[in-house]
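This note's numbering puts the first residue of the sequence shown at 7, with every later residue one more than the last.
Hints are computed from structural coordinates only; laboratory data are not their basis.
A few of these clues could be false.
[To be verified] Pairs of lysine-lysine, DSS-like flavour, derived with a Cα cap of 27 Å: (1) Lys134 x Lys355; (2) Lys264 x Lys115; (3) Lys391 x Lys312; (4) Lys228 x Lys123; (5) Lys369 x Lys355; (6) Lys288 x Lys264; (7) Lys343 x Lys288; (8) Lys147 x Lys33; (9) Lys391 x Lys115; (10) Lys288 x Lys147; (11) Lys298 x Lys311; (12) Lys311 x Lys301; (13) Lys264 x Lys231; (14) Lys575 x Lys554; (15) Lys554 x Lys526; (16) Lys43 x Lys147; (17) Lys227 x Lys201; (18) Lys288 x Lys227.
[As the list claims (entries may be wrong)] Simulated restraints on C-beta separations: (19) Leu316 x Gln194: 23 to 33 Å; (20) Gly395 x Gln366: 39 to 49 Å; (21) Arg261 x Ala495: 24 to 34 Å; (22) Glu29 x Arg79: 34 to 44 Å.
Backbone N, C-alpha and C fix where the C-beta goes; we use that ideal spot for every residue, glycine too.
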Amino acid sequence: MAACSFRRSIASQLSKVLDLPPENLIKSISAVPVSKKRHVADFQLSIASVTEDSSSESIAQDLHLQAQKLAERLKCDAVVSEISTGPGTVNFTINRELLAKTVLQQVLKDGSEYGVKSELFSTVPRQKAVIEFSSPNIAKKFHIGHLRSTIIGNFIANLKVALGHEVIRMNYLGDWGMQFGLLGVGFQCFGNKEKLKSSPLQHLFEVYVQINKEADDENVKKLAKDFFRKLEEHDEQTLSLWKQFRDFSIEEYIRIYKRLGVHFDEYSGESFYQEKSQEVLKMLEDKGLLQKTVKGTGVVDLSEKKDLSLFSTVMRSDGTSLYITRDLAAAIDRMNKHSCDTMIYVTDKSQSNHFQHLFQILKLMGYDWAERCRHVSFGLVQGMKTRRGEVVFLEDVLNEVRSRMLQNMASAKTTKEIEDPIETAEKVGLAALIIQDFRGLLSSDYQFSWDRALQSRGDTGVFLQYTHARLHSLEQMHGNEQLTDINVACLQEPNAISVLQHLLRYDEVLYQSSQDLQPKHIVSYLLTLSHLAAVAHKTLPVKGSAPKVAQARCCLFQAARSVLANGMKLLGITPVTQM
Numbered sequence: 007m008a009a010c011s012f013r014r015s016i017a018s019q020l021s022k023v024l025d026l027p028p029e030n031l032i033k034s035i036s037a038v039p040v041s042k043k044r045h046v047a048d049f050q051l052s053i054a055s056v057t058e059d060s061s062s063e064s065i066a067q068d069l070h071l072q073a074q075k076l077a078e079r080l081k082c083d084a085v086v087s088e089i090s091t092g093p094g095t096v097n098f099t100i101n102r103e104l105l106a107k108t109v110l111q112q113v114l115k116d117g118s119e120y121g122v123k124s125e126l127f128s129t130v131p132r133q134k135a136v137i138e139f140s141s142p143n144i145a146k147k148f149h150i151g152h153l154r155s156t157i158i159g160n161f162i163a164n165l166k167v168a169l170g171h172e173v174i175r176m177n178y179l180g181d182w183g184m185q186f187g188l189l190g191v192g193f194q195c196f197g198n199k200e201k202l203k204s205s206p207l208q209h210l211f212e213v214y215v216q217i218n219k220e221a222d223d224e225n226v227k228k229l230a231k232d233f234f235r236k237l238e239e240h241d242e243q244t245l246s247l248w249k250q251f252r253d254f255s256i257e258e259y260i261r262i263y264k265r266l267g268v269h270f271d272e273y274s275g276e277s278f279y280q281e282k283s284q285e286v287l288k289m290l291e292d293k294g295l296l297q298k299t300v301k302g303t304g305v306v307d308l309s310e311k312k313d314l315s316l317f318s319t320v321m322r323s324d325g326t327s328l329y330i331t332r333d334l335a336a337a338i339d340r341m342n343k344h345s346c347d348t349m350i351y352v353t354d355k356s357q358s359n360h361f362q363h364l365f366q367i368l369k370l371m372g373y374d375w376a377e378r379c380r381h382v383s384f385g386l387v388q389g390m391k392t393r394r395g396e397v398v399f400l401e402d403v404l405n406e407v408r409s410r411m412l413q414n415m416a417s418a419k420t421t422k423e424i425e426d427p428i429e430t431a432e433k434v435g436l437a438a439l440i441i442q443d444f445r446g447l448l449s450s451d452y453q454f455s456w457d458r459a460l461q462s463r464g465d466t467g468v469f470l471q472y473t474h475a476r477l478h479s480l481e482q483m484h485g486n487e488q489l490t491d492i493n494v495a496c497l498q499e500p501n502a503i504s505v506l507q508h509l510l511r512y513d514e515v516l517y518q519s520s521q522d523l524q525p526k527h528i529v530s531y532l533l534t535l536s537h538l539a540a541v542a543h544k545t546l547p548v549k550g551s552a553p554k555v556a557q558a559r560c561c562l563f564q565a566a567r568s569v570l571a572n573g574m575k576l577l578g579i580t581p582v583t584q585m
């Protein structure tokens with residue numbers, strides 16, 4: 007990684023002066039974000055992070071003084087061409103030609119590995135993670151919350167895989183429970199085998215809605231109870247019908263997820279944990295953690311003082327398990343099966359308490375690995391409607407975004423003849439959805455707007471795709487250039503330097519996202535990269551420039567496109583080459 011060699015070089019000079027090992031300094035030296043207003047240095051060392059004394063009164067003035075004193079003891083060398091100080095920082099400017107040469111060589115050599123091979127990750131152990139995301143309920147709506155869970159989980163999995171971790175992508179379906187009694191009866195009344203095969207999600211949903219209208223009828227209630235009891239007793243006929251519901255639904259989900267660019271390694275579900283949740287109840291009882299209430303339900307006391315001021319209900323009065331019991335069984339089972347280092351659950355924030363309880367109970371049961379489980383929660387999205395009304399199926403959203411994008415493309419003057427407009431519209435539209443979703447903190451709620459998401463200018467996914475397509479066609483026109491011995495003296499304009507400086511920061515941004523699992527760092531990085539590339543594209547023409555200059559600029563734009571594509575893929579976006 008280009009930034010690494012520069013950081014190391016600065017750290018080794020600092021380590022002699024400060025008498026600290028260079029590896030302690032590397033994390034304190036960071037690339038400076040590009041500023042539109044003024045020319046900035048390339049790296050800065052924050053003085054506060056390397057000084058012992060940090061009593062607050064003396065801080066600001068003192069740090070500034072310390073920065074100046076330290077700067078006086080440092081010398082420029084072959085790597086650093088200028089040293090200056092700012093408020094509490096020492097700033098380093100890298101030799102301009104060395105900057106251009108190192109960054110471009112590294113980006114073009116590393117390709118899709120650029121940034122992920124950085125030594126910032128050298129202290130991060132490679133891990134095995136199970137990520138549970140999407141997890142819709144069979145025969146019920148696939149609402150916008152499921153869509154958020156799907157794209158966020160996919161991003162976390164992509165990022166972890168890129169950083170060399172092993173990931174198991176898990177979809178935990180709502181495929182069990184009393185509603186299947188109702189669905190079974192509904193199917194016996196209104197079901198159609200052909201429709202179940204051809205469009206299972208829609209057909210089961212319609213059957214469920216229909217039978218629900220009669221759910222208060224005593225006779226229907228009794229039939230539903232009987233059907234579910236037969237399921238629990240593994241009655242062959244009942245089980246085979248249920249299995250068709252499940253298998254056909256998964257088949258259709260796989261097809262739709264493919265349009266989203268998402269896949270799963272395992273389709274698990276609550277149904278797997280019926281028997282195992284009974285074992286969990288027995289374990290809780292054996293460990294003396296299961297308490298019976300007056301009503302006959304089973305609870306686990308989670309309070310500090312053991313006065314039941316906080317508890318979690320894990321058993322119904324008839325001895326059957328609840329959702330959390332099945333989650334406990336699933337967590338223990340996954341750990342035994344995959345012996346992973348961490349488990350990450352991606353669901354909306356209304357389930358925060360559920361996961362706190364889940365992890366607490368696991369800890370009480372003596373499973374220390376519960377400490378390494380994480381709930382990545384996200385906020386609610388208001389106002390996502392399609393032309394047909396509210397979102398019922400994931401496919402509705404995908405079709406809507408595709409048709410709106412096709413319309414926008416048709417009315418845009420710049421659109422050339424595209425080989426596959428439908429495919430392109432879908433990829434660009436998805437980018438728009440994903441960027442609108444990932445721009446803020448995941449935990450914040452936001453108001454969805456089709457118009458805002460699909461704007462071609464401004465900070466949108468459409469703009470990222472447009473930039474990628476433009477840089478790609480520039481490469482097609484001039485791309486056969488030899489990119490080995492470029493003349494970097496030709497890349498000294500401020501707009502070229504800004505792009506190079508920004509490329510330097512990519513590994514730090516990846517590191518930040520890998521720590522807090524928030525995609526917004528990468529999103530804002532890519533939006534800035536696209537803006538900087540657009541300005542450079544305007545002011546640094548390739549066409550009509552002297553061959554050496556044209557070649558160097560080509561190389562710069564190719565590097566920008568490469569990093570843009572890498573970042574987009576991590577977010578779950580497929581970059582388009584025409585628009």
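Verification of the hints:
Restraint check: the Cα-Cα separation between Lys134 and Lys355 comes to about 25 Å, which is no more than 27 Å; the hinted pair holds. Distance restraint check for Lys264 and Lys115: the Cα-Cα separation of roughly 31 Å exceeds the 27 Å cut-off, and the hinted pair is therefore not satisfied. This hinted pair does not check out: Lys391 and Lys312 have alpha carbons roughly 47 Å apart, beyond 27 Å. Straight-line distance between C-alpha atoms of Lys228 and Lys123 comes to about 61 Å, which puts the hinted pair past the 27 Å bound.
Restraint check for Lys369 and Lys355: satisfied, since their Cα atoms lie roughly 22 Å apart, inside the 27 Å limit. Of the supplied pair hints, the one linking Lys288 and Lys264 is violated, its CA atoms being roughly 41 Å apart against a limit of 27 Å. A hinted pair counts as satisfied when its Cα atoms are at most 27 Å apart, and Lys343 with Lys288 qualifies at roughly 20 Å. Between Lys147 and Lys33, the direct Cα distance comes to roughly 46 Å. Violation of the 27 Å bound is thereby established for this hinted pair.
Our distance criterion of 27 Å between C-alpha atoms is broken by Lys391 and Lys115, whose separation comes to about 45 Å. Under the criterion of a C-alpha separation no larger than 27 Å, the hint pairing Lys288 with Lys147 is inconsistent with the structure, at around 35 Å. Of the pairs offered as hints, the one joining Lys298 and Lys311 holds, with about 18 Å between alpha carbons and a cut-off of 27 Å not exceeded. For the given pair, Lys311 sits about 23 Å from Lys301 by alpha-carbon distance, which is consistent with the 27 Å threshold.
Proposed proximity of Lys264 and Lys231 is contradicted: the alpha carbons are some 36 Å apart, above 27 Å. Using a Cα cut-off of 27 Å, the hinted pair Lys575 and Lys554 is violated, with the two alpha carbons roughly 32 Å apart. Taking the CA atoms of Lys554 and Lys526, the gap is about 38 Å. The hint is violated against a cut of 27 Å. Under the criterion of a C-alpha separation no larger than 27 Å, the hint pairing Lys43 with Lys147 is inconsistent with the structure, at around 49 Å.
Distance check on the hinted pair: Lys227 and Lys201 sit about 25 Å apart at the alpha-carbon level, within 27 Å; holds. For the suggested pair Lys288 and Lys227, the alpha carbons sit about 30 Å apart, so the restraint of at most 27 Å is broken. A C-beta distance of roughly 43 Å is found between Leu316 and Gln194, which places it outside the suggested range of 23 to 33 Å. The hinted window of 39 to 49 Å between Gly395 and Gln366 holds, with their beta carbons roughly 41 Å apart.
The supplied range of 24 to 34 Å is broken by Arg261 and Ala495, whose beta-carbon atoms lie about 54 Å from each other. Checked against the hint of 34 to 44 Å, the pair Glu29 and Arg79 fails, with Cβ atoms roughly 21 Å apart.
Checked against the numbered hints given earlier, this structure breaks hints 2, 3, 4, 6, 8, 9, 10, 13, 14, 15, 16, 18, 19, 21, 22; the rest are met.
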